[in-house]
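The sequence shown maps to residues 26 to 327 in the numbering used here.
No lab work stands behind these hints: they were computed from the structure.
Careful, some of the hints might be misleading.
To be verified - Derived SDA-like pairs: lysine to any residue, alpha-carbon spacing no greater than 25 Å straight-line: (1) Lys237 with Ala293; (2) Lys53 with Ile271; (3) Lys289 with Glu63; (4) Lys237 with Asp220; (5) Lys289 with Ala274; (6) Lys112 with His155; (7) Lys237 with Glu294; (8) Lys161 with Thr129; (9) Lys54 with Pro269; (10) Lys54 with Gln97; (11) Lys237 with Ala251; (12) Lys112 with Ser286; (13) Lys237 with Pro67; (14) Lys112 with Asp306; (15) Lys237 with His155; (16) Lys53 with Pro98; (17) Lys54 with Ala265; (18) Lys161 with Gln97; (19) Lys237 with Leu114; (20) Lys54 with Lys237; (21) Lys54 with Ala287; (22) Lys53 with Val272; (23) Lys237 with Ala217; (24) Lys161 with Gln254; (25) Lys237 with Ala301.
Claimed, not checked - Listed next, with one range per pair, are the computed distances between beta-carbon atoms: (26) Pro126 with Leu157: 23 to 29 Å; (27) Asp78 with Tyr159: 29 to 35 Å; (28) Ala65 with Ser165: 43 to 49 Å; (29) Glu63 with Ala316: 32 to 38 Å; (30) Ala316 with Lys112: 23 to 29 Å; (31) Ser321 with Gly111: 31 to 37 Å; (32) Ala38 with Pro126: 32 to 38 Å; (33) Pro269 with Ser165: 49 to 55 Å.
Built from N, CA and C at the ideal position, the CB exists for glycine as well.
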Amino acid sequence: MLVANARMYGVNAGVRAAWAELFALVSKKAGVPLALIEHAAPAPLEALWRREDLGLAFICGFPFAGGGFALQPIAAPIPASPLASGKPLYASDLIVRADGPLRTLQDTFGGRIGWTARHSQSGFQALRRHLLPYVKAFSSEVDAGSREENALKQRARAIERSNRIGNCSSAGGPLYRESIGELMTPRRVIEAVLDDRIDIGPLDSYFHDLLKRHEPETAARLRVVATTQATPIPLLAASAGLDPAIVAALRDALLGLGAASAAKPALAELCLTGFATVALDDYRPLLVQAAALDESGYGEPG
Numbered sequence: 026m027l028v029a030n031a032r033m034y035g036v037n038a039g040v041r042a043a044w045a046e047l048f049a050l051v052s053k054k055a056g057v058p059l060a061l062i063e064h065a066a067p068a069p070l071e072a073l074w075r076r077e078d079l080g081l082a083f084i085c086g087f088p089f090a091g092g093g094f095a096l097q098p099i100a101a102p103i104p105a106s107p108l109a110s111g112k113p114l115y116a117s118d119l120i121v122r123a124d125g126p127l128r129t130l131q132d133t134f135g136g137r138i139g140w141t142a143r144h145s146q147s148g149f150q151a152l153r154r155h156l157l158p159y160v161k162a163f164s165s166e167v168d169a170g171s172r173e174e175n176a177l178k179q180r181a182r183a184i185e186r187s188n189r190i191g192n193c194s195s196a197g198g199p200l201y202r203e204s205i206g207e208l209m210t211p212r213r214v215i216e217a218v219l220d221d222r223i224d225i226g227p228l229d230s231y232f233h234d235l236l237k238r239h240e241p242e243t244a245a246r247l248r249v250v251a252t253t254q255a256t257p258i259p260l261l262a263a264s265a266g267l268d269p270a271i272v273a274a275l276r277d278a279l280l281g282l283g284a285a286s287a288a289k290p291a292l293a294e295l296c297l298t299g300f301a302t303v304a305l306d307d308y309r310p311l312l313v314q315a316a317a318l319d320e321s322g323y324g325e326p327g
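Using the sequences and the hints, build the whole thing.
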């Protein structure tokens, strides 16, 4: 039997139950038995993506485009949020504590930034792409006039900000004094922000949609100070060796959910309007963007 998994967007038990209901509908419509498996964190997602019996599982677009996993695309979710505009798109919400003094992205400079994993689009690549213009602006400021004088001014501003968000420690980059990585999941980013281990971190906007619906008390403790540019959302994929007829049946079942009355309750709980066809070429631009970031010399967010 093929396996299915929605760990990337299994925000809590209620959301996981909604995914189970949706996958059961897909299985019935497609005539393809699916066994829902948990594969909960900290089990590595890479192990899930390498399974040869994968029927449906979410994979981030960046590692999918990289070609390191033998997978084929099935379909991608269409969030109901205005940000998606009826397309399979998402972004990263840059979050801080709602009860803290930080209200803009610039307020966070000089503090501690967190990120999830290098293979993550929302938790790493989108974050550094959003920050790069600020890094370039800082570099231009330093280059103008006396480098030492401008660096001292920047340091003074960082210290001033740090007085609001914690004691200043060793420098971590041009914008932040500390870069804390390998948080791995959106949930751990949220926990790190709320536990005051980081001052700002990236949160997958679709995960955030689910959080606002199913854990409004947690969502209310977060403030969004910026949102990155929208990019293709993580997709549901299957093992490369899966029979094309099975792939087609699963895809057709997913694409038909938006018009299926039986699926409306689960789609509403999952903050989705339906699913869309996607292809590898939809995700290749993510590799181009990441390569440009690497060439710029801006590595870890910081």
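A quick look at each hint next to the structure:
no.	hint	in the structure
1	Lys237 with Ala293	holds (13 Å)
2	Lys53 with Ile271	holds (13 Å)
3	Lys289 with Glu63	holds (24 Å)
4	Lys237 with Asp220	holds (19 Å)
5	Lys289 with Ala274	holds (20 Å)
6	Lys112 with His155	holds (21 Å)
7	Lys237 with Glu294	holds (11 Å)
8	Lys161 with Thr129	holds (19 Å)
9	Lys54 with Pro269	holds (16 Å)
10	Lys54 with Gln97	holds (20 Å)
11	Lys237 with Ala251	holds (17 Å)
12	Lys112 with Ser286	holds (21 Å)
13	Lys237 with Pro67	holds (24 Å)
14	Lys112 with Asp306	holds (16 Å)
15	Lys237 with His155	holds (24 Å)
16	Lys53 with Pro98	holds (20 Å)
17	Lys54 with Ala265	holds (22 Å)
18	Lys161 with Gln97	violated (38 Å)
19	Lys237 with Leu114	holds (18 Å)
20	Lys54 with Lys237	violated (30 Å)
21	Lys54 with Ala287	holds (11 Å)
22	Lys53 with Val272	holds (14 Å)
23	Lys237 with Ala217	holds (18 Å)
24	Lys161 with Gln254	holds (18 Å)
25	Lys237 with Ala301	holds (23 Å)
26	Pro126 with Leu157: 23 to 29 Å	holds (26 Å)
27	Asp78 with Tyr159: 29 to 35 Å	violated (45 Å)
28	Ala65 with Ser165: 43 to 49 Å	holds (45 Å)
29	Glu63 with Ala316: 32 to 38 Å	holds (35 Å)
30	Ala316 with Lys112: 23 to 29 Å	holds (24 Å)
31	Ser321 with Gly111: 31 to 37 Å	holds (33 Å)
32	Ala38 with Pro126: 32 to 38 Å	holds (34 Å)
33	Pro269 with Ser165: 49 to 55 Å	holds (53 Å)
In summary, the numbered hints that this structure violates are 18, 20, 27.
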